[in-house]
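Chains as they are written, first to last, in our numbering: chain A, 1 to 113; chain B, 1 to 114.
Derived from the structure by calculation, the hints contain no laboratory data. Any given hint might turn out to be false.
Stated by the list, open to error - Straight-line Cα separation of at most 30 Å, DSS-like style, residue types lysine-lysine; simulated pairs:
| id | chain 1 | residue 1 | chain 2 | residue 2 |
| --- | --- | --- | --- | --- |
| 1 | B | K106 | B | K78 |
| 2 | B | K55 | B | K70 |
| 3 | B | K106 | A | K57 |
| 4 | A | K15 | B | K73 |
| 5 | B | K73 | B | K55 |
| 6 | A | K57 | A | K15 |
| 7 | A | K57 | B | K78 |
| 8 | A | K11 | B | K70 |
| 9 | B | K55 | B | K106 |
| 10 | B | K55 | B | K78 |
| 11 | A | K17 | A | K57 |
| 12 | B | K73 | B | K106 |
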Amino acid sequence: GAGVSQSPSNKVTEKGKDVELRCDPISGHTALYWYRQSLGQGLEFLIYFQGNSAPDKSGLPSDRFSAERTGGSVSTLTIQRTQQEDSAVYLCASSLVEYYGYTFGSGTRLTVV
Amino acid sequence: AQTVTQSQPEMSVQEAETVTLSCTYDTSESDYYLFWYKQPPSRQMILVIRQEAYKQQNATENRFSVNFQKAAKSFSLKISDSQLGDAAMYFCAYEVNSGYALNFGKGTSLLVTP
Chain A
1 GAGVSQSPSN KVTEKGKDVE LRCDPISGHT ALYWYRQSLG QGLEFLIYFQ GNSAPDKSGL
61 PSDRFSAERT GGSVSTLTIQ RTQQEDSAVY LCASSLVEYY GYTFGSGTRL TVV
Chain B
1 AQTVTQSQPE MSVQEAETVT LSCTYDTSES DYYLFWYKQP PSRQMILVIR QEAYKQQNAT
61 ENRFSVNFQK AAKSFSLKIS DSQLGDAAMY FCAYEVNSGY ALNFGKGTSL LVTP
């Protein structure tokens with residue numbers, strides 16, 4: 001596609017439920033990133049995928065968070081047993097060449113009630 | 001710890017005027033890249049300008065320019081001839097050459113008044 005596509009745009013879920021957030025990066029971009037943006041905070045790095053290499057999961061806040069990237073393209077971020085503190089905007093980005101800036105999607109706003 | 005500080009939570013500028021957004025950062029690395037991103041209400045982060053730390057010349061993109069002071073670890077953004085469409089959150093960020101994650105500041109909300 002022409003840009004990074006994220007779905008759903010907004011998600012309201014009950015505490016304790018599992019959610020899946022999807023990211024479809026720009027075709028051909030080998031690097032894919034997930035960030036979390038909480039209210040009043042900057043962006044927090046969550047996970048990084050590069051080609052077929054093992055992902056860097058060092059930013060995932062707990063073992064309730066996991067992510068996968070299938071076929072080097074689409075990525076899914078899964079949050080199990082959601083908590084209210086998980087409420088945030090989850091942003092996905094992709095890039096072809098590192099250090100040249102990423103292309104971001106419009107994010108998924110997750111609200112846990 | 002590597003941090004980015006944007007000391008101005010909010011700024012206001014009149015249309016056609018010039019505004020400067022401040023950013024300081026702290027890294028022990030010598031080779032890194034600096035960025036300013038704009039986030040309008042649509043939530044999509046848009047790259048405004050990029051600067052390589054090894055370059056002394058300040059980057060410029062049309063009405064946007066930076067003042068990069070490496071020794072002071074300062075990277076301010078100047079917006080000239082401000083337009084209503086410039087209203088957004090602006091985030092300063094850097095990425096070290098030995099890594100790949102962007103380190104972001106908490107942002108400056110820019111209001112543009114007619």
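Any of the earlier hints contradicted here, and which numbers?
Of the numbered hints given earlier, those the structure breaks are 4, 7 and 8, listed in rising order.
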